[in-house]
Amino acid sequence: MSDLHTVNKSPFEKNSLDSCLRFSKAGSAILLYEDGVYGALKGTAVENLIASAVGDKKVYVLGPDFKARGLADDRMIDGVEVVDYAGFVDLVEANDKVQAWV
Amino acid sequence: MSDTKNFMFLNRRAPYGTIYAWESLEVVLIAAAFEQNVSLMFVDDGVYELTKSQDTAGIGMKNFSPTYRTLGDYEVRHMYVDKASLEARGLTADDLVQVEWEDWETEESVDNIVEVVDSERVAELLEESDVVFSF
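Protein chains in written order, with this note's numbering: chain F, 27 to 128; chain U, 11 to 145.
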């Protein structure tokens, strides 16, 4: 079993995503929600953070938050999976615990 | 001294995650109602406020992005967007809402008052303003 790490801050405003990726182990699940979803967008200055994480960690984005911000799914970094609220609950249930990077 | 000042609203936060963007819009509408010269500046995560196709049905929050498109009707004449902030976020002017403006008396009109400018111009515009409101 492994942990679910959550990030809800913009990677351009805080280093939450950076720290999350530095201090989470391979095999972890990472869920981006609220302003954290901006980290999953292709073609940004921080694209490499998530693009290089999807190899050994499973990265998820909360779809409703992505959609609320006017971002289309086809602009999401390859390998990132979209989940809904029920999927969020499933992730919480499937992992040992939740660690929030606020 | 003139009673009219040049107000600049400096927006640096993404919408929805915090209340800043919405609060800024509220104050913009108030300032415009008092017949001040109101301009808006979007830098850093503030550029996300203007993305097209925002759909908040799934998060149970009010979608306030259509309000930006009405600002021309409140005599907001300028909305500036920092080019470097857009580029760092993988966005272009095509990703942003367009805001029409029309002068009721002269019938002068502008198709889109959203203007992408470079950082040097941002600095000039901020310095030229009488008051800068930061959000």
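Hints may be right or wrong, so weigh each one.
[What the hints assert, rightly or not] Calculated lysine-lysine pairs in the DSSO-like style (CA-CA distance at most 27 Å, straight line):
no.: 1; chain 1: U; residue 1: 62; chain 2: U; residue 2: 93
no.: 2; chain 1: F; residue 1: 83; chain 2: F; residue 2: 40
no.: 3; chain 1: F; residue 1: 40; chain 2: F; residue 2: 68
no.: 4; chain 1: U; residue 1: 62; chain 2: F; residue 2: 40
no.: 5; chain 1: F; residue 1: 93; chain 2: U; residue 2: 93
no.: 6; chain 1: U; residue 1: 93; chain 2: F; residue 2: 68
no.: 7; chain 1: F; residue 1: 68; chain 2: U; residue 2: 62
no.: 8; chain 1: F; residue 1: 84; chain 2: F; residue 2: 123
no.: 9; chain 1: F; residue 1: 40; chain 2: U; residue 2: 72
no.: 10; chain 1: F; residue 1: 83; chain 2: F; residue 2: 51
no.: 11; chain 1: F; residue 1: 123; chain 2: F; residue 2: 83
no.: 12; chain 1: F; residue 1: 93; chain 2: U; residue 2: 62
no.: 13; chain 1: F; residue 1: 84; chain 2: F; residue 2: 40
no.: 14; chain 1: F; residue 1: 68; chain 2: F; residue 2: 51
no.: 15; chain 1: F; residue 1: 93; chain 2: F; residue 2: 40
no.: 16; chain 1: F; residue 1: 51; chain 2: F; residue 2: 40
no.: 17; chain 1: F; residue 1: 93; chain 2: F; residue 2: 83
no.: 18; chain 1: F; residue 1: 68; chain 2: F; residue 2: 83
no.: 19; chain 1: U; residue 1: 62; chain 2: U; residue 2: 72
no.: 20; chain 1: F; residue 1: 40; chain 2: U; residue 2: 15
no.: 21; chain 1: F; residue 1: 51; chain 2: F; residue 2: 123
no.: 22; chain 1: U; residue 1: 72; chain 2: F; residue 2: 93
no.: 23; chain 1: F; residue 1: 68; chain 2: F; residue 2: 93
no.: 24; chain 1: F; residue 1: 40; chain 2: F; residue 2: 123
[What the hints assert, rightly or not] Which bits of chain U does chain F cover? Going by a derived footprint, with three or more residues having C-beta under 8 Å, they are:
no.: 25; region: 51 to 63
no.: 26; region: 68 to 77
no.: 27; region: 98 to 108
no.: 28; region: 128 to 136
[As the list claims (entries may be wrong)] Chain U is faced by these chain F residues, among others (derived, beta-carbon under 8 Å):
no.: 29; residue: 39
no.: 30; residue: 41
no.: 31; residue: 48
no.: 32; residue: 60
no.: 33; residue: 96
no.: 34; residue: 126
It is worth saying that the hints were derived from the structure and are not from the lab. The beta carbon of each residue, even a glycine, is placed where N, CA and C say it ideally should be.
We went through each hint and held it up to the structure:
1. Between residue 62 of chain U and residue 93 of chain U the CA atoms are separated by roughly 17 Å; this keeps the pair inside 27 Å, and the hint holds.
2. Distance hint between residue 83 of chain F and residue 40 of chain F is fulfilled; the C-alpha atoms sit about 21 Å from each other, no more than 27 Å.
3. Of the supplied pair hints, the one linking residue 40 of chain F and residue 68 of chain F holds, its CA atoms being roughly 19 Å apart against a limit of 27 Å.
4. In summary, the hint linking residue 62 of chain U to residue 40 of chain F is supported, as the alpha carbons are separated by about 24 Å, within the 27 Å threshold.
5. At roughly 23 Å between alpha-carbon atoms, residue 93 of chain F and residue 93 of chain U fall within 27 Å of each other, so this suggested pair holds.
6. This hinted pair checks out: residue 93 of chain U and residue 68 of chain F have alpha carbons roughly 17 Å apart, not beyond 27 Å.
7. For a cut-off of 27 Å, the pair hint linking residue 68 of chain F to residue 62 of chain U stands: about 17 Å separates their Cα positions.
8. As the CA atoms of residue 84 of chain F and residue 123 of chain F are separated by approximately 15 Å, the hinted pair is consistent with the 27 Å bound.
9. Between residue 40 of chain F and residue 72 of chain U, the direct Cα distance comes to roughly 25 Å. Compliance with the 27 Å bound is thereby established for this hinted pair.
10. About 8 Å separates the Cα atoms of residue 83 of chain F and residue 51 of chain F, which keeps this hinted pair within 27 Å; it holds.
11. For a cut-off of 27 Å, the pair hint linking residue 123 of chain F to residue 83 of chain F stands: about 16 Å separates their Cα positions.
12. Distance hint between residue 93 of chain F and residue 62 of chain U is fulfilled; the C-alpha atoms sit about 11 Å from each other, no more than 27 Å.
13. For the suggested pair residue 84 of chain F and residue 40 of chain F, the alpha carbons sit about 22 Å apart, so the restraint of at most 27 Å is met.
14. The straight-line distance between the Cα atoms of residue 68 of chain F and residue 51 of chain F is roughly 24 Å, inside the 27 Å bound, and the hint therefore holds.
15. Taking the CA atoms of residue 93 of chain F and residue 40 of chain F, the gap is about 21 Å. The hint holds against a cut of 27 Å.
16. Between residue 51 of chain F and residue 40 of chain F, the direct Cα distance comes to roughly 21 Å. Compliance with the 27 Å bound is thereby established for this hinted pair.
17. Our distance criterion of 27 Å between C-alpha atoms is met by residue 93 of chain F and residue 83 of chain F, whose separation comes to about 23 Å.
18. Of the pairs offered as hints, the one joining residue 68 of chain F and residue 83 of chain F holds, with about 18 Å between alpha carbons and a cut-off of 27 Å not exceeded.
19. With a C-alpha separation of about 15 Å, the suggested pairing of residue 62 of chain U with residue 72 of chain U holds against the 27 Å cut-off.
20. Only pairs whose Cα atoms come within 27 Å are accepted, and residue 40 of chain F paired with residue 15 of chain U is rejected, the gap being roughly 34 Å.
21. Restraint check for residue 51 of chain F and residue 123 of chain F: satisfied, since their Cα atoms lie roughly 13 Å apart, inside the 27 Å limit.
22. Note on residue 72 of chain U and residue 93 of chain F: the hinted pairing holds, with a Cα-Cα distance of about 13 Å set against a maximum of 27 Å.
23. Taking the CA atoms of residue 68 of chain F and residue 93 of chain F, the gap is about 15 Å. The hint holds against a cut of 27 Å.
24. Of the pairs offered as hints, the one joining residue 40 of chain F and residue 123 of chain F holds, with about 23 Å between alpha carbons and a cut-off of 27 Å not exceeded.
25. Here the region 51 to 63 of chain U counts 6 residues with a CB under 8 Å from a CB of chain F, which clears the bar of 3, and the coverage holds.
26. Check result for the region 68 to 77 of chain U against chain F: holds, 5 residues qualifying (beta carbon to beta carbon below 8 Å, three or more required).
27. For the region 98 to 108 of chain U, the stated coverage by chain F is satisfied: 4 residues place a CB nearer than 8 Å to a CB of that chain, which reaches the threshold of 3.
28. Beta-carbon proximity to chain F at under 8 Å applies to 0 residues in the region 128 to 136 of chain U; the threshold of 3 is not reached and the given coverage is violated.
29. Taking 8 Å as the C-beta cut-off, the interface hint given for residue 39 of chain F holds, the closest approach to chain U being about 6 Å.
30. A least Cβ separation of about 14 Å between residue 41 of chain F and chain U goes past the 8 Å threshold, and the interface hint is therefore violated.
31. Given the 8 Å rule on beta carbons, the hint for residue 48 of chain F is violated: about 21 Å separates it from the nearest Cβ of chain U.
32. For residue 60 of chain F, the interface hint holds, the least distance from its beta-carbon to any beta-carbon of chain U being 5 Å, beneath 8 Å.
33. Restraint check, residue 96 of chain F versus chain U: the minimum CB separation of about 3 Å is within 8 Å; hint holds.
34. At a threshold of 8 Å, the smallest CB-CB gap from residue 126 of chain F to chain U is about 14 Å, leaving the interface hint violated.
Going down the numbered hints, you'll see the structure goes against 20, 28, 30, 31, 34, while the others check out.
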